[in-house]
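Q: Residue numbers (the numbering used here), protein chains in the order written: chain A, 257 to 616; chain B, 773 to 883; chain C, -11 to 330.
Be aware that a few hints might be false.
[What the hints assert, rightly or not] Lysine-lysine pairs mimicking DSSO-like chemistry, simulated, CA-CA at most 27 Å apart:
no., chain 1, residue 1, chain 2, residue 2
1, C, Lys262, A, Lys258
2, C, Lys140, A, Lys263
3, C, Lys51, C, Lys127
4, A, Lys537, C, Lys243
5, A, Lys430, A, Lys441
[To be verified] Chain B residues, not near chain C, derived (Cβ > 10 Å throughout):
no., residue
6, Ser792
7, Gly814
8, Phe827
9, Lys831
10, Leu835
11, Lys850
12, His875
13, Phe880
[Stated by the list, open to error] Just so you have them, the derived chain C footprint on chain B, three or more residues with Cβ under 8 Å:
no., region
14, 840 to 848
15, 852 to 861
Derived by calculation from the structure, the hints in this document are not laboratory data.
Since the structure is predicted, the reported quantities are computational estimates derived from the model, not experimental observations.
All residues carry an ideal CB built from backbone N, CA and C; glycine is no exception.
Take a look at the letters that make up each chain.
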Amino acid sequence: MKIEGKKRIWQDYQKEIADDSYFYVRSCVRQNFFPASEKIFLKILKEELFKDIYENASHTTCSGIGYHSDVVPFETTMTIIARQFALMTEAGYENFVSSCITSFGLYSEVLETWNHFPEVEDRIREHLLKATGRQFNKPKNLAHASDVIYKFRKEIGERGKFRLINCKSGKPLKGVEHIGCHYSKMFPSKGIGGAEYPYVLVGMIEEWGGEVIDYPERRHCCGFGFRQYLVKANRGYSIACSKKKFESMEPYHPDFILTNCPGCPMFLDRWQYAISEMEGKTYGPDGQGIPVLTYEELAGLILGYNPWDLGLQVHQVPVEPLLDKMGIPYNPETKFLGKNGEDLGRPEAPSFLHFYPETK
Amino acid sequence: MKDFGYTINPDRQINYDQNSKEPVYWLETMEPSVNICISCGGCTATCSARQFTDFNIRKVHTLMMRGETHSLKKEIKKCMLCGKCQTVCPRGVNLRNLILSIHKILEFNNL
Amino acid sequence: MKQSVIIIGGGIAGMEAAASLARMGIEVTIVEKENALGGHLLQWDRLFPDRKRSDEVLEYLKKEMDSSISVETGCSVKEISRENGNFRIILDNEKILNGNALLLATGYDLFNARKKEEYGYGIYENVITSAELEGFLRKNPQPGLMKGFQVKRIGIIHCVGSRDEKVGNLYCSKLCCITAVKQAIEIREILPDVEVFCFYMDLRMFDRHFEEMYYEAQKKWGVHFIRGRLSEADENPDHTLILKVEDTLTGLPLKMTVDALILMVGMTPSAGTKKLADMAGALSGEDGFLMPSDEHLQPNETTVPGLFLTGAVKGPVSVGNTLADARAAALKIYEYFSRMAG
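Chain A on its own, in the form it takes in the complex (with noise of 0.2 Å):
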């Protein structure tokens, strides 16, 4: 791998990522599925960047899923997105950032859409005003919240507490990073390094000490692809892709997996304990499996934040060894204990994956 060849593609794709000021909208499952990550975005850029970032209650689903799905009619999803840029134009605002790949892919699509035909924009904007009354302003800015990390990953890494090296031996930690499909693929020159070599996550690894391995099958889809899971039938479909790319990684024994999508980190990490329990396979070192993190919760573990307060225990595949690796203090007894330190009960381990806190 000829570094200086990366970086040349690099440089060609930049984008201007906002400085201060963001109207956030959050995404539909993240909250289910990685509860702490968007909390913890919020609290980053507040309590240790010191940035405006605003948030509106009326804000709703962007359709994406439904689009996707086939089920919602890309007219309607062009006027939901023009209520958000309508809540967001009331509110003050015009840097507009999305916790979730699939809006902000979609949200560059119907910018996209807009720009080439102004006639379709003319007339979402007639629907939104008869259907809601509301107006709105394109924003000037729209970024992915993972290039809001991105952009202030130096600040972060000088702010933090722990860094992606084994506190044993000193050396870099592995990582391979996972790009959701609809950050890049669809409009390469909106991702920070385009499609085929996305720098957004790369970029914050190696901030952060670590070291990223660019494994044969990157590229792959992590095998949401919407209808693949949500239909239990093709649920055989996407466990595969995601098996193709465990098989891919293996070699290369990565420490962790760093995602910026909603999906993604949900399927390479529940997928590892439905493959482990479907075929006894696993893919770490001794029944271990590979941690998966979404770029907030990494950037909360670097920030030195308890990983219990990062929802790190509702992973499938328990990310202990990496905390150990990073010297990373946590108390094993406080694990599955909830807010107010009630007991949530301890969840049946599974059959192969290795399980913490281990039982005595």
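Dock chains B and C against the given chain A, drawing on the hints supplied.
A: For chains B and C alone, kept in the frame of chain A given last:
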């Protein structure tokens, strides 16, 4: 092992690295003209068996060359050895011997 | 008074046209941006289909170069103007040239393979271009192509930068197919134990002896041809490469590890051509190559009297056809002068 109500789909990609190179080796040895095929499909167009079955000698040949032999034993038996294909081939591939050789290789290697 | 021609471009088209014009008693000046005449051929090893050494062609062309031909190397054209039917050219070294006719022979550039990001050129260790393989064969026609490990399998990718809307080149570069066949044979000659796979969309063996060379590659050298365009290449930990194509003749996706990947880079209009054409008044086609006034009947003439074209400035063309075209251009210039003299 748990049953979640779905299975893991097998990979349909031809994995050339994993496929055995034996079939190609034997085929090239037994009938060197296998390499000059240009996949024009003349053989398959005229094939008596192709009109009534899925048998596609052009494709069987290509699959053999990739070491993708798993379904071929059943396929090659559909050939009636009429020899029409050989009269059509613009490159002069010895199709009769090619078919007999594929048959022998699959039988001998129990593929 | 002796008539004079300025030729911009000192590749094989410019050289051959200059020699022909000089033999007709016409005064010739060649302007070449590099420090030596010969163009791309200087980097090439052997030519298809007869495997003639490119040096032989260069030696022939150099020998032809009459002492009356003046050559301006290492300089570029800054300005072209036309007055009373004559051309006045200012070079970047401020030198001024005058000519009764102008011949554009600025050739082509090889497609920049970095633009096909997914093929990993400039990123993966063992991805090279057809031109780099020629350079290697020229210097070192011995086994040991790759350092540090045994080479078992090499992949050759056709149509890199050609027939590809994504990189803006819809056209076929037409010479890459036969180059692939030639280089596949050469690899098998040097490394007989190496498997060679060519990945193609169509094999365009358009000229005499080309189809026979393809036949020879299959029959004598056992080169394998897989119909399918490379979708992406990825690097393994040991720097071998995984290729993903559809084997379109079986209808199945296929992956294969190769030790090295050779990209058959296409031809694109040379960097300076557009600017020169604009200054001289020549028209470009949609593909960026220059347009003669009639592709059938006036392949060397343009809509500007006294302005002529030859060689790959008009699109991909082989060495043999370039030389023939250069001679035709010289003849057309001679006829133009005869007509002007009345």
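Q: Next step is simple, just say for each hint if it's right about the structure.
A: Hint by hint, here is what the structure shows:
Taken as a hint, the lysine 262(C) and lysine 258(A) pair is broken in the structure, with Cα atoms around 33 Å apart against an allowance of 27 Å. This hinted pair does not check out: lysine 140(C) and lysine 263(A) have alpha carbons roughly 31 Å apart, beyond 27 Å. A C-alpha spacing of about 23 Å is found between lysine 51(C) and lysine 127(C), which places the hinted pair at or below 27 Å, so the restraint holds. Taken as a hint, the lysine 537(A) and lysine 243(C) pair is honoured in the structure, with Cα atoms around 24 Å apart against an allowance of 27 Å.
Distance restraint check for lysine 430(A) and lysine 441(A): the Cα-Cα separation of roughly 25 Å lies within the 27 Å cut-off, and the hinted pair is therefore satisfied. With a least CB separation of 14 Å from chain C, serine 792(B) remains clear of the 10 Å interface cut-off, as annotated. Distance check on glycine 814(B): its Cβ is at least 14 Å (rounded) from any Cβ of chain C, clearing the 10 Å threshold; non-interface status holds. Non-interface status of phenylalanine 827(B) relative to chain C is upheld: no Cβ of that chain comes within 10 Å, the nearest being about 15 Å off.
Its beta-carbon lying about 6 Å from the closest one in chain C, lysine 831(B) breaks the requirement of being farther than 10 Å from that chain. Consistency note on leucine 835(B): stated as away from chain C, yet its beta-carbon is not over 10 Å from all of that chain's, at 6 Å minimum. Consistency note on lysine 850(B): stated as away from chain C, and its beta-carbon is indeed over 10 Å from all of that chain's, at 17 Å minimum. Against the 10 Å criterion, histidine 875(B) stays outside the reach of chain C, whose nearest CB is about 19 Å from its own CB.
Look at phenylalanine 880(B): its CB is around 22 Å from the nearest CB on chain C, clear of 10 Å, so calling it non-interface holds up. Restraint check on the region 840 to 848 of chain B versus chain C: 1 residues with Cβ-Cβ distances below 8 Å, three needed, restraint violated. Note: the region 852 to 861 of chain B has 0 residues with beta-carbon separation from chain C under 8 Å; the three-residue rule is not met and the coverage is violated.
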